[in-house]
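Work out the full structure: start from the sequences and follow the hints.
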Amino acid sequence: MKKKKFYQQLYFQVIIAITLGILLGNFYPELGEKMKPLGDGFIKLVKMIIAPVIFITLTLGIAHMTDLKKVGRIAIKAMLYFFTFSTLALIIGLVVGNIIKPGAGLNIDPVSLSGDVSQYQQKAHDTTLTGFIMNIIPETLFSPLIGDNILQVLLVAILMGVALVLTKEKSGKVTEFLQVLAAPVFKIVHMLMKLAPIGAFGAMAFTIGKYGLASVLNLILLVGTFYITSILFVVLVLGAVAWYNGFNIFKLMYYLKEELLLVLGTSSSESALPGIMEKMEKAGCSRAIVGLVIPTGYSFNLDGTNIYMTLASLFIAQALNIDLSIEKQLMLLLVAMLSSKGAAGVTGAGFVTLAATLAVVPEIPIAGMTLILGIDKFMSECRALTNVIGNSIATVVVANWEKQLDKGQLQYCLANPNEIEKKLEV
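Letter 207 of the sequence shown, counting from 1, is numbered 207 in this note's numbering, and no numbers are missing.
Just so you know, the hints here were simulated from the structure itself, not pulled from any lab data. Hints may be right or wrong, so weigh each one.
As the list claims (entries may be wrong) - Mimicking SDA-like on lysine to any residue, the simulated pairs with C-alpha atoms at most 20 Å apart in a straight line are:
hint	residue 1	residue 2
1	Lys-282	Met-191
2	Lys-34	Lys-210
3	Lys-77	Met-337
4	Lys-47	Lys-210
5	Lys-170	Leu-159
6	Lys-36	Ile-22
7	Lys-36	Lys-47
8	Lys-170	Leu-68
9	Lys-282	Ile-188
10	Lys-77	Asn-245
11	Lys-328	Leu-88
12	Lys-69	Met-191
13	Lys-257	Ile-420
14	Lys-194	Glu-278
15	Lys-69	Leu-166
16	Lys-403	Glu-419
17	Lys-282	Ile-56
18	Lys-282	Gly-246
19	Lys-257	Glu-419
20	Lys-251	Tyr-412
21	Lys-44	Gln-152
22	Lys-70	Gln-404
23	Lys-251	Ile-231
Claimed, not checked - The following label-pair restraints were derived from C-beta to C-beta distances:
hint	residue 1	residue 2	range
24	Ser-171	Thr-370	50 to 60 Å
25	Ile-136	Ile-188	22 to 32 Å
26	Tyr-28	Gln-411	44 to 54 Å
27	Asn-418	Ile-231	44 to 54 Å
28	Asp-323	Gly-224	17 to 27 Å
29	Lys-44	Leu-23	19 to 29 Å
30	Ser-171	Lys-47	24 to 34 Å
31	Gln-409	Gly-105	44 to 54 Å
32	Thr-370	Gly-105	12 to 22 Å
We put the CB at the ideal spot given by N, CA and C, even for glycine.
This is how it looks when you write it as structure tokens:
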């Protein structure tokens with residue numbers, strides 16, 4: 001197979017696109033803002049294919065299982081992993097916020113706060129546990145395939161997969177059809193990824209053009225603290241998990257470099273979901289594990305979002321000179337633990353979960369969110385990257401627990417990422 005030149009590699013093209021987007025947004029901000037449709041259009045194209053990818057992958061994964069108890073066991077182990085590391089991320093954010101105190105010294109009078117955060121308050125108010133559960137149930141069996149609710153797609157895919165197992169004598173042709181359908185669906189994914197540099201350019205040019213590089217400087221300590229905390233969480237905590245399970249986290253991140261750069265450019269973890277699913281299956285994780293763990297993790301395993309929530313809450317309290325006792329901080333932790341799950345799948349989930357958390361902790365006014373409204377966009381890339389890396393590692397760990405991981409294939413893929421990339425593009 002002919003080796004691609006460096007400028008033909010997708011990751012190189014995305015890096016160039018991000019750089020050009022930053023330059024355009026900084027020097028020609030008005031023109032940069034007009035590039036927004038390029039980023040939005042690309043993300044819409046990717047969202048278009050997410051539901052079919054999840055449905056086919058998970059349905060076929062379950063359909064090829066002979067023991068349905070395995071499906072339940074995988075789901076329980078995945079949720080146990082998600083709960084453990086999401087909580088750990090919240091605790092780390094709380095500890096770092098108390099040590100560095102990024103909001104201390106701003107001495108802002110709560111009365112002086114202004115800004116429109118009502119849309120986030122309303123979404124947080126509407127997000128109840130009952131409403132969340134009811135929202136998982138779709139209107140019809142196939143309506144999730146034309147929507148964007150990942151949890152509804154998961155429910156339908158699990159039901160269909162289980163039904164195919166229970167009726168395998170009669171439904172063999174349905175399984176065969178889905179296997180044949182998988183080829184053109186993933187080909188569409190590869191075709192759409194060719195547009196990734198355009199999407200990354202548009203999204204980055206808009207972000208810098210609208211908010212400007214200078215707007216982040218007055219709150220650089222919070223942004224820097226968040227980035228450093230997330231990096232340490234990935235390297236030390238998730239790195240230790242990877243090491244314990246027999247693989248190197250840095251090699252995994254390099255293997256997923258195209259997807260991670262795409263997330264960086266678009267600030268959307270969803271833009272990388274189809275590619276992550278395909279690569280993790282190629283890396284030796286069984287189809288059922290990939291189909292169940294990754295989409296579920298997108299709703300329940302939000303490590304980056306959780307670090308952000310506790311850090312941002314403490315920043316607002318410190319900026320307003322509100323002294324939170326240990327008891328209040330523990331309450332904040334418990335509320336954040338629940339609200340982060342309740343707002344899963346809601347647009348702008350990071351800000352919505354923050355509003356939901358502050359609404360239950362009366363000491364911190366929700367209006368304090370206006371302090372970070374302008375720089376939230378600069379933290380969304382790091383949130384998304386941390387979430388994606390966390391879900392990729394969770395997939396390997398759960399597959400390893402279930403003995404559904406081909407360790408030889410995993411090591412081969414991590415040692416030869418460019419070879420795998422070329423094979424996937426064929």
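Hint-by-hint comparison with the structure:
A C-alpha spacing of about 18 Å is found between Lys-282 and Met-191, which places the hinted pair at or below 20 Å, so the restraint holds. With a C-alpha separation of about 10 Å, the suggested pair Lys-34 and Lys-210 falls inside the 20 Å cut-off, and the hint holds. A hinted pair counts as satisfied when its Cα atoms are at most 20 Å apart, and Lys-77 with Met-337 qualifies at roughly 18 Å. Distance hint between Lys-47 and Lys-210 is unfulfilled; the C-alpha atoms sit about 24 Å from each other, more than 20 Å.
A distance of roughly 16 Å separates the Cα atoms of Lys-170 and Leu-159; the hinted pair therefore holds under the 20 Å criterion. As the CA atoms of Lys-36 and Ile-22 are separated by approximately 13 Å, the hinted pair is consistent with the 20 Å bound. Taking the CA atoms of Lys-36 and Lys-47, the gap is about 17 Å. The hint holds against a cut of 20 Å. Restraint check for Lys-170 and Leu-68: satisfied, since their Cα atoms lie roughly 18 Å apart, inside the 20 Å limit.
Pair hint Lys-282 plus Ile-188 holds up; C-alpha atoms about 17 Å apart against a cutoff of 20 Å. Restraint check for Lys-77 and Asn-245: satisfied, since their Cα atoms lie roughly 15 Å apart, inside the 20 Å limit. Between Lys-328 and Leu-88, the direct Cα distance comes to roughly 18 Å. Compliance with the 20 Å bound is thereby established for this hinted pair. The suggested pairing of Lys-69 with Met-191 is violated, with an alpha-carbon distance near 37 Å, which exceeds 20 Å.
With a C-alpha separation of about 12 Å, the suggested pairing of Lys-257 with Ile-420 holds against the 20 Å cut-off. Proximity of Lys-194 to Glu-278 is assessed by CA-CA distance (about 16 Å); at most 20 Å being required, the pair is judged to hold. Taking the CA atoms of Lys-69 and Leu-166, the gap is about 13 Å. The hint holds against a cut of 20 Å. Annotation: proposed proximity of Lys-403 to Glu-419 is violated, straight-line Cα distance about 26 Å (limit 20 Å).
As the CA atoms of Lys-282 and Ile-56 are separated by approximately 16 Å, the hinted pair is consistent with the 20 Å bound. Of the pairs offered as hints, the one joining Lys-282 and Gly-246 holds, with about 17 Å between alpha carbons and a cut-off of 20 Å not exceeded. Taking the CA atoms of Lys-257 and Glu-419, the gap is about 13 Å. The hint holds against a cut of 20 Å. Between Lys-251 and Tyr-412 the alpha-carbon distance is near 11 Å, which keeps this suggested pair within the 20 Å criterion.
The hinted pair formed by Lys-44 and Gln-152 meets the criterion: a straight-line CA distance of about 18 Å does not exceed 20 Å. Between Lys-70 and Gln-404 the alpha-carbon distance is near 11 Å, which keeps this suggested pair within the 20 Å criterion. Distance check on the hinted pair: Lys-251 and Ile-231 sit about 15 Å apart at the alpha-carbon level, within 20 Å; holds. For the hinted restraint 50 to 60 Å between Ser-171 and Thr-370, the CB-CB distance of approximately 55 Å keeps it satisfied.
For the pair Ile-136 and Ile-188, the beta carbons lie near 27 Å from each other, so the given range of 22 to 32 Å is met. Distance hint check for Tyr-28 and Gln-411: the Cβ-Cβ separation is about 47 Å, which falls inside the suggested range of 44 to 54 Å. A C-beta distance of roughly 25 Å is found between Asn-418 and Ile-231, which places it outside the suggested range of 44 to 54 Å. A hinted range of 17 to 27 Å for the beta carbons of Asp-323 and Gly-224 is consistent with their spacing of about 24 Å.
Evaluation of the 19 to 29 Å hint for Lys-44 and Leu-23 yields a pass: the beta carbon distance comes to about 25 Å. Between Ser-171 and Lys-47 the CB atoms are about 29 Å apart, so this pair conforms to the stated range of 24 to 34 Å. For Gln-409 and Gly-105, the Cβ-Cβ distance of about 53 Å falls inside the hinted range of 44 to 54 Å, so the restraint holds. Range check, Thr-370 to Gly-105: Cβ separation about 18 Å, and the 12 to 22 Å hint holds.
Violated hints, listed in ascending order, are 4, 12, 16, 27; each of the other numbered hints is respected by the structure.
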